[in-house]
Structures are given as C-alpha cells and as structure tokens.
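Work out the full structure, taking the sequences as your base and the hints as a guide.
Listed below are the residues making up each chain.
Number of protein chains: 2
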Amino acid sequence: MSTITSLSNHQVRLASRPVGPATRANWSFTTEPVAEPGPGGVLVKTLYLSLDPAMRGWMNEGKSYIPPVEIGAVMRAGGIGRVISSNNPAFAVGDHVNAGLDVQEYCLIPEAQIKRSGMFKIDLRVGSATQWLNVLGMPGMTGYFGLMDVGQPKAGETVVVSGAAGAVGQTVGQIAKLKGCRVVGIAGGQAKCDWVVKELGFDACIDYKAGDVKAGLKEHCPKGVDIYFDNVGGEILDTVLTRITRGARIIICGAISQYNNTTPVKGPANYLSLLVNRARMEGIVVFDYADRYPQAIAEMAGYLKAGSMKSKEDVVFGLETFPETLLKLFNGENFGKLVLQVAKE
Amino acid sequence: MSTITSLSNHQVRLASRPVGPATRANWSFTTEPVAEPGPGGVLVKTLYLSLDPAMRGWMNEGKSYIPPVEIGAVMRAGGIGRVISSNNPAFAVGDHVNAGLDVQEYCLIPEAQIKRSGMFKIDLRVGSATQWLNVLGMPGMTGYFGLMDVGQPKAGETVVVSGAAGAVGQTVGQIAKLKGCRVVGIAGGQAKCDWVVKELGFDACIDYKAGDVKAGLKEHCPKGVDIYFDNVGGEILDTVLTRITRGARIIICGAISQYNNTTPVKGPANYLSLLVNRARMEGIVVFDYADRYPQAIAEMAGYLKAGSMKSKEDVVFGLETFPETLLKLFNGENFGKLVLQVAKE
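Residue numbers (numbering that gives the first Met the number 0), protein chains in the order written: chain A, 0 to 344; chain B, 0 to 344.
Just so you know, the hints here were simulated from the structure itself, not pulled from any lab data.
For glycine and all other residues, C-beta sits at the position ideal for the given N, C-alpha and C.
Where hints are given, some of them may not hold.
[As the list claims (entries may be wrong)] Partial pick of chain B residues on the chain A-facing surface, computed with a CB cut under 7 Å: (1) Arg-124; (2) Val-125; (3) Ala-254; (4) Pro-263; (5) Val-264; (6) Gly-266; (7) Ala-268; (8) Tyr-270; (9) Leu-271; (10) Arg-279; (11) Glu-281.
[What the hints assert, rightly or not] As a list, the in silico DSBU-like pairs of lysine-lysine whose alpha-carbon atoms are at most 30 Å apart: (12) B/Lys-309 - B/Lys-176; (13) A/Lys-62 - B/Lys-222; (14) A/Lys-265 - B/Lys-265; (15) A/Lys-208 - B/Lys-62; (16) B/Lys-208 - A/Lys-62; (17) A/Lys-62 - B/Lys-217; (18) B/Lys-213 - A/Lys-265; (19) B/Lys-265 - A/Lys-62; (20) B/Lys-62 - A/Lys-213; (21) A/Lys-62 - B/Lys-213; (22) A/Lys-208 - B/Lys-217; (23) A/Lys-217 - B/Lys-265; (24) A/Lys-265 - B/Lys-217; (25) A/Lys-217 - B/Lys-213; (26) A/Lys-153 - B/Lys-62; (27) B/Lys-309 - A/Lys-265.
Right, dumping it as structure tokens:
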C-alpha cells in the first residue's frame, strides 16, 4: 500500500447531473488523505484550474468527444500545479506543470497517466501560470488551430469572433490581426468591447447586450464576413450566417448560449446560407492538434515577448467557490479567461 | 425591327410570388408572336424542360445565388431544344442544344446570351435528350461535383444520399458505388427504394415514409455516415447528424422539405455533432464548376455507354400542365428526374 502523507485533500465531486445550469446542489465536497506517489508517479499541488464552457458538456450523460464525468467522481479540470513529490525522472520537486488535475487541492498522477495525458512542464519565464491556462494553454491552442487550420485566414479578410473577450476569443482576434485580417468581435457589455478594441487592437466590437448585432455586422463588416469563429451558437450564429461571403468558413468551437438549455438546442435556421454562399461550417476539437502544440506555443510566446499579444485572466480564489465561479462563464460575468486559484504556491 | 415568323409562342409567366406551394393562380399564360433571330442569334424550339426544386427559390423575392424571376417574366428553366433558325455559325438548324429556354415553346436567344450562358450542343448518340437533363445535365453535374469535390469520397466509406431516386440522388449514389463506397439512399415509398437498390445497385435504401430513419441508419450504416449528400434538409438532416463519423462531410445541395415553408426554415438542431465529430457541412452551387462540365460529362457518358450507370426520367407532356407538374417535386410524386416535354421534335 502507498504511504499516506500528512496532507489532506479537499475535492469537488459531481453529485448529480444538472438540468439547466449546475447549482451547488449538483456538487459534493469531500476531504481525503493524500498518498505518496507510486513508482514513476508524481504528486502535484494544484495552484490554478482552468474553468471552461466545455465543462458543462462533461456533466451530461452520453457520448461526446470525451466521456462524461461519472457521478461521484472528482470534477474534471485542467490546471497548473507544482510538483511536491516525484518518483519520475522527468519531473522534479518544484517543477510547474500543466496537467489534468481535476477540481481538488492535490492530484496524484500515476506513471501511466503521465505517459497518456500530455502532462508537461511549463516555463514561467515564457508566460505567467495563468497565461499558461489562457493564450499558451488549451484556449490559446483552440483559437490558434481553429483559426489557422480550419479557418485558413488570408490577409485582408474579415474575421468575426463571438465571446471576443473570453479566453478563445481574445486569442483568435489577436492572431487574426497579426495575420493581417480585419477583426470584429462580439461581446457582452461596453467594458469588454472597449477592452478588445483599445487593448487588443480589434477593429471593432459589437455589444450584443446593447442591441442589434445585424446592424453592427453591416456597419463593421462592409464587405461581409469571410471567417466566423463561433463560441456561442444560438441567435448570434444565425445572424452572422446572413452576412457571410462566398466561400466563407464558420468554425464551430462551442455554443455557450445553448449549454444550459433544458429545451432542444436551437439549430441555425439560416444554414442554407452555406449553400447560397458555397460556405463551410466545421467543428474543431483541440486535442486533435496535440502534436503541434509546441509549435503554436512557441509562436504565441514570441508574440507575448514582443508585446504584440496581450492576455487577460479573471482569477477567482478559493476551491470552495467553484460552483458559483463556474457559473460566471454562462451568465457572461467573466472578463477574460476564467481561472480558479486554489493555492498561493 | 425583327422579322416576325408565322409561329406563335405559348409562355408561362410568374404572375405573383407564391406563399407556400405555387398554385395555378401564381402563373399566367400568354401567347406572343415569334421573331426571327437578330445578328448572331438563334431561335430554338423547346422540346424538354428540366423541372427542379431550385425553381421554387427563384420565385421568392430577395438575394440568392441567382436573382429572382421578376413578376410578369417568363418562368426561368433550362431545357433541351432544337435550333430552327440560326444567324450564328456555331449553331446550325437541326442542332439539339442545352440552354436556358424558359417555360415557353420557342426561345429567341441573342448573341450576347449565347456567349454568356453556356448554351451548348448536345449529341443524342451520347445520351437521350432527357438524359442530357439528368445525369448528363445540371443534376448530374451537381451530384458529380458535390460528391467528388466537396465530399471527396474514399473507397470503403459510407455515403448516404437523400432524395435518392431524384435526379441528383441517383447520380450521387451511382458515382459513389463506382468509387467503391457503401451507398445508402433515403427515399419516399417502397417503389423508389426498390428501384435504387435493385436497378441502381445501392446497398440499401431507407423509406422515410415508412418510419424510422434513425433505426434505418443504424442498421444500414453500422460504421456511421462518412458522407451525407443532403437534398432535403429538415428532420432527415437532423437525424443523419446523429450518425456521422469523425471527419464526416455533409454536402448541402438543397432542402426540398423546407422550400414551401410559410414558417421559418428549421435549422439542424444537432449541428453541434459537427463539433464533436470535427465534421464539416458545406454548400454547393453547380455553376461554380462550369469549366469542368465537359470532363464530368465525358466520364458520365462513359459510364452510360458501359452500362454501369442508369438513369430514370419522369416525363410529363404539355406546357399547360406546368403548374401541377412542378408540384410533383415537392410532394414526392416524381419518380426520377422530372422533365416537362413541350413538343415532340
């Protein structure tokens, strides 16, 4: 049997499958002793967890791109941690790592999982821990490969991105600008819109809460929309479909407006615009590009170092706030990449 | 002024824009004298007109891939005719041509239109006049380029096509079989299903009128659907979306189930299956491939000659039947490519 440490591990587990938004009643809080790692394994102390819209999908029963979180299991989450005990020569105590840590204070990672999961060391000189969950992490990779591989932007094209101030959106917009595109964001509220225009250099941003997205698209995309990076689905997707150009590409990355639905998902009624415009709508799942993350991270790190890319994270402290903090994603309250800080080093 | 011939031309004009299905009240019938062609022009006697689902879209106001038919104008249609008078060295009296003839007995085609419209001579030794409106015509070209260029089938993949017994569907299914795919049709009624399986060699066909399309897909596409060629939209598109494979391609060619809607088009509620499956939905408009028609026609003519491709046309005689004959497309009554025969040579 493994040796038990003196540490105790607070965990957040999925207690029941939510109907609509997940409430505190869908979660249970447990405390367990922490064991020393086995041969080849490591013990990681969780510092920051990435909170992402996709997590809502993992709570549902049924087949998706990864299996659902089982009832009673610690909620799945990726994050940044510090190695505090290691039986693996690739990781030393004190190393900072990006790994599937789940919503808990300590994560014991067996050798098999290290081999399988793409756990990797991060260099805090390249980016801060929270940047490693944002532009240098899964959202950044999603934005990068979604835009570049699926969208294939050409200089001079018009790129529209929804959830523009979110983790994926800020990456997409900034890369598109760096590639010479006209970039128009869609976000909720004046503060987010101002930020993506003034700080990130988007050409314009449409405040969907203030009103007419269609009029905004007409004004800010006078030549139409060549690429639409969709994080939200619903009415906004339908509206953008009326403004696409011949040969447009729509990247389906998410549909946050639909994830808490208790009614059926609203399909894009204007999908026949794909026919009229010989346009394409295509899904992206970031894991497919895992072998190319290093190349994308290097490119993004170069932009960060040169000051040509910025990032914003919305950091909330405290494991116990997880249920409420997660909801910020779905009511649009987060401003920047949402991160749960679990410990201060 | 042009010389007037002794002929008189019966025409069908769009009298008003239909709401829902076009009824006889939406059409007007006119009779006009026929002029001799001007310099470089030809006069063509209409023999056969192609009746296509897309015609319903042309009757609506508003931007689409081609302008709408104006109120009072002769209804737009492509067809096969015989040149009866020519001032153009490229066309001799007696030549059979494929051209935009419109719903009328005679069509005077000025030189400018000949240059612009891709009017071309057909060889009745290669295929019959009605085959030139079917597998050798626009439906055949649509099926060919939609499947081959947008769908990019690989041998061993499973291809599903709706409207399987229709003009586009029969072409798509037969080409997919010739390319080594498993082919499953979706059609309305046992007779059509039997025909595509027994005569055209599809592996299976699901009768959507008889019941459960989802169960049919499970049974006949055990490895899922790699390519779906969609002619119908609506519930069938949504059902197929639940059965697609990773990297699937959905070709949006039409949505005949939605064309007569007086309520909004039903968008595909299951479109997030594109995300989960990293799949793609893309529109096709055949005109984009005009410079490659000769190559595709040559390939199809080869199949016809070798007996490895069959075609079926549903020919109705009489210009005056146009309003009712067109409706056969929308209630699923046509069996094979719907053709209106206007004259017997």
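Legend entry - Restraint check for A/Lys-217 with B/Lys-213, where alpha carbons must lie at most 30 Å apart: 40 Å, violated
Legend entry - Restraint check for B/Lys-265 with A/Lys-62, where alpha carbons must lie at most 30 Å apart: Distance of about 25 Å is within 30 Å: holds.
Legend entry - Hinted contact B/Arg-279 with chain A - closest CB pair below 7 Å: 4 Å, holds
Inset, instruction - Double-check B/Gly-266 for me: the hint is only fine if its C-beta lies closer than 7 Å to a C-beta in chain A. - result: 3 Å, holds
Inset, instruction - Verify the proposed pairing of A/Lys-62 with B/Lys-217, using a straight-line Cα cut of 30 Å. - result: 16 Å, holds
Inset, instruction - Decide if the proposed pair is consistent with the structure: A/Lys-153 and B/Lys-62, CA atoms, cutoff 30 Å inclusive. - result: Distance of about 26 Å is within 30 Å: holds.
Inset, instruction - For the pair supplied as a hint, A/Lys-208 and B/Lys-62, confirm whether the alpha-carbon distance does not exceed 30 Å. - result: Between A/Lys-208 and B/Lys-62 the Cα gap is close to 29 Å, so the pair holds against 30 Å.
Legend entry - Proposed proximity, B/Lys-213 with A/Lys-62 (alpha carbon, max 30 Å): It holds: about 17 Å lies between the C-alpha atoms, which stays within 30 Å.
Legend entry - Hint consistency between A/Lys-208 and B/Lys-217 [alpha-carbon to alpha-carbon, up to 30 Å]: 43 Å, violated
Inset, instruction - Answer holds if the nearest beta-carbon of chain A is closer than 7 Å to that of B/Tyr-270; otherwise answer violated. - result: 5 Å, holds
Legend entry - When the least beta-carbon distance from B/Val-125 to chain A is tested against 7 Å, hint result: 29 Å, violated
Inset, instruction - Sort out whether B/Lys-222 lies within 30 Å of A/Lys-62, counting only the CA atoms. - result: Status holds; Cα separation ~16 Å.
Hints 1, 2, 22, 25 and 27 from the earlier list are contradicted by this structure; the remaining hints agree with it.
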